[in-house]
Structures are given as C-alpha cells and as structure tokens.
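Which chain is which? The protein sequence lines are E and P, in order. FYI, my numbering numbers position 98 of the first sequence as 98, with every residue one higher than the one before it. Each number in my numbering corresponds to the 1-based position in the second sequence with 219 added.
What follows is a set of in silico ranges between Cβ atoms, one per label pair, in the way DEER data are often shown:
| no. | chain 1 | residue 1 | chain 2 | residue 2 | range |
| --- | --- | --- | --- | --- | --- |
| 1 | E | 111 | P | 263 | 44 to 54 Å |
| 2 | P | 331 | E | 112 | 31 to 41 Å |
| 3 | E | 21 | P | 435 | 15 to 25 Å |
| 4 | E | 174 | P | 294 | 54 to 64 Å |
| 5 | E | 139 | P | 331 | 46 to 56 Å |
| 6 | E | 139 | P | 388 | 48 to 58 Å |
| 7 | P | 263 | E | 28 | 41 to 51 Å |
Derived from the structure by calculation, the hints contain no laboratory data. Even for Gly, the Cβ is constructed at its ideal location relative to N, Cα and C.
There are 2 protein chains.
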Amino acid sequence: MSLHLQRDLDQLKKELLQLGTMVEASFTNAMLVLHERRIDVVEKVFEDEKLIDEREVWIEESCLKILALHQPVAVDLRFIVVALKVNNDLERMGDLAVNIVKRATTLAELAPLSTPQDFIGRMPEIISDMINGSLDALVKLDVDLARTIIEMDDAVDDINRKMYETLRAQMENDSQTVERAIEFLSTSRYMERIADLATNIAEDVIFLVDGEVVRHQVI
Amino acid sequence: MSLHLQRDLDQLKKELLQLGTMVEASFTNAMLVLHERRIDVVEKVFEDEKLIDEREVWIEESCLKILALHQPVAVDLRFIVVALKVNNDLERMGDLAVNIVKRATTLAELAPLSTPQDFIGRMPEIISDMINGSLDALVKLDVDLARTIIEMDDAVDDINRKMYETLRAQMENDSQTVERAIEFLSTSRYMERIADLATNIAEDVIFLVDGEVVRHQVI
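Build out the structure end to end from the sequences listed, making use of the hints.
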C-alpha cells in the first residue's frame with residue numbers, strides 16, 4: 001500500500017472517530033433532556049445534528065476521493081465500503097437523538113411518569129458504550145471487542161421489552177397516562193435503534209476482518 | 220467508459236431492480252397478514268427475508284468487484300456508492316416487512332380494532348408506489364420522478380399521524396384496546412420508516428444527477 005493511501009485511510013479513521021464522538025455527545029444530551037428535563041440543551045442537539053449531517057457528507061466525499069485517487073483493492077477497498085456504511089449509520093444515530101429530544105420536549109411539559117430504573121441508568125450507559133466501542137473496534141479492527149458490542153445489544157433489547165410491559169400496564173390501569181406512555185415508549189424504541197446501528201457497525205468490523213457475514217445471522 | 224464497465228453497471232442496475240421487486244412483494248405480503256389476517260403468508264415473508272439478505276450480500280460483492288476490476292471514476296464511481304446505499308436501504312425495508320408481520324401475527328390472535336380507512340387502503344398503495352418509483356428513478360436517473368417520490372412521503376406521514384391520534388383516543392377511552400393499539404401503532408411506524416427509506420433512495424438519485432444534497436434539507 002502506498003504511503004499516501006495509508007495516510008488518507010488513517011485520516012478517514014480519525015474523521016469517523018470524530019463523528020462518533022459527536023453522535024455520542026448528542027445522545028448523552030438527548031438523555032439529559034429526557035431524564036432531567038434539561039430544556040436548555042434542546043437547541044444544542046438540533047444544532048449538532050446539522051454539524052453531524054455536514055460531517056457525513058464530508059466523509060462520503062473523502063471516501064470517494066480515496067477511491068478515485070488511489071483505486072485501492074482487497075482489504076483497503078473493503079474498508080472504504082465499510083466506512084461508507086458506518087458513516088451512514090452514525091448519521092442515522094444523530095437523527096434518532098433528535099427524535100428522542102422531540103419526544104422528550106413534549107414529555108417535559110407533562111406530569112412525570114415512573115419508568116424502570118434500568119431505562120434511566122443502565123440503558124443510556126450501555127448505549128454510549130456501544131457507540132464508542134463499535135468505533136473503537138472499527139479503528140483497531142478488534143473482532144473480540146466487536147463481538148462484545150453485539151452481545152451488549154441483548155441487554156438493551158431486554159430493557160426495551162421491560163419498558164414496553166411497564167408502560168402498557170400503566171396505560172391499562174390509568175388512561176391519564178396514555179399520552180406520556182406512548183412518548184416514553186417511542187424514546188425507548190429510538191434508543192434501541194441506536195443500539196442496533198452500533199451493532200451493525202460491530203458486525204461490519206467482523207465482516208471486514210474475518211470475511212464472516214454476521215449481520216444476517218441469529219446470534 | 221469501457222464496454223465491460225457499462226455491461227457490469229447495467230447488470231448491477233438489474234440486480235437492484237430485482238431486489239426492489241422482492242422487497243415490494245414482501246411488503247405487500249406483510250399487508251395481507253396485517254389487514255386480511257392471512258397467516259398462511261407469514262412463513263413466505265420470513266423465507267423471502269433470507270433471500271433478500273443473501274441478495275444484499277451478493278450485490279455488495281458485485282459493487283466491490285466493479286470497483287476493483289474497473290476502478291471507475293466520476294459519475295460511475297458515484298453511482299456505485301449510491302448503489303451500495305440503496306442496497307442497504309432495500310435490505311432494511313425487508314427487515315421492516317418482517318417486523319410488520321411479527322406484529323400482525325400477534326394482532327391476528329386478538330379481537331379486531333377499527334383503524335382509519337387510509338391506513339388500510341391508501342397508505343400501503345403509496346408505499347408500494349414509493350418503493351417501485353424510487354428504484355425506477357434510480358435506474359433511469361429520473362430527477363423529476365425522484366422529486367415526486369419525496370413529495371409522496373408527506374401523505375404517508377399524515378396518515379401515520381392520523382393513526383396515532385385515532386389509536387391514542389381509543390386507548391384513552393377503552394383500556395381493553397391498549398395492547399392492540401400499541402401493536403397497530405408499531406406497524407404504522409414501520410410502514411412510515413419504509414417510506415422514509417424509499418425517500419432516501421430518491422434523495423440519492425437527485426444527488427447523483429444534480430450533485431445536490433437533498434437528504435439533509437427541509438423540503
């Protein structure tokens with residue numbers, strides 16, 4: 001591989017890591033709005049989404065330039081294709097953080113509703129770790145870490161399911177809770193989708209290193 | 220452009236169209252399960268998802284081969300990058316059709332619940348048209364058609380919003396409807412996401428032809 005290609009690939013990895021950091025920060029801010037009613041942070045999440053979108057377009061252009069300039073083959077070519085997908089997944093996570101904030105803004109105007117403790121504490125923590133960890137696995141091509149990320153997704157699914165059961169029971173017992181419960185249910189699903197996208201990234205890392213298509217397997 | 224590259228790009232377009240046809244058929248089958256309780260079609264949707272997944276992996280490999288073999292530049296290179304994204308979007312639509320079928324299977328075991336007429340008739344029709352139309356726009360590089368597809372998404376969003384209001388009112392008036400209403404609400408959201416993915420494809424077509432980044436604009 002030429003030194004120039006190596007340098008451009010290193011730069012691309014750096015850009016993806018930066019985008020990941022932005023997305024994780026947006027998600028953390030969305031959690032502040034949701035769980036602490038920090039309405040002062042709402043605008044920040046909207047502004048950051050624009051920056052995330054711009055960065056996504058920029059990274060896609062970087063990938064195109066590397067392809068056109070260096071015409072990489074084999075593993076380098078595959079890395080660029082994975083980078084394009086990861087870029088896309090990160091941008092979608094940013095969109096989902098915005099969706100959470102929209103729901104959280106509605107919820108902040110309504111009376112509080114009790115939700116499972118894991119939804120407030122563990123779920124956001126696991127998802128932040130999944131966002132950071134999946135990108136770490138990509139940059140280091142660390143298959144073991146990628147597999148750990150994929151396993152973490154089960155915990156998120158469990159908490160999401162528990163949320164569904166709790167909220168459904170609340171709605172059935174007290175019709176006054178319906179509006180709030182639906183909004184909370186949506187935020188939980190958006191969170192679960194962010195975890196799914198981090199899982200996608202981890203699956204792509206395994207594919208990149210081992211050539212094994214994990215993404216359509218039942219694990 | 221070499222004749223070989225032209226031939227491979229034509230083949231790639233054909234493969235994407237075929238995948239689109241498979242996805243649209245799966246969506247139509249999912250609607251049969253949802254609206255006509257056609258439980259006999261459930262297995263077919265699950266089986267077709269596996270074929271869709273296999274086809275997605277296959278098309279990604281085709282793109283990699285074209286990149287490695289022909290090292291295309293300019294508009295041809297950009298087309299391959301868009302093809303990779305479209306491929307991904309189509310596979311996600313297939314997943315969403317399966318999600319709809321899972322919810323519809325639960326609903327088929329429960330008492331019926333009345334839903335807005337547009338949810339049963341117009342919404343599936345528009346979404347099928349959006350899936351087919353977005354791929355048609357891609358293959359013909361038809362920007363006008365792409366813009367039409369993007370506009371159609373508003374109608375889907377409207378029907379989804381109407382569904383939310385109807386179901387919320389039902390849940391508030393009769394706690395017996397909560398379980399069914401939540402399931403229906405999910406199916407409506409999955410449908411809305413399929414329409415969003417078709418919109419993504421249409422936006423990519425505009426980007427490909429005009430170089431205009433529509434995907435992060437408010438239209």
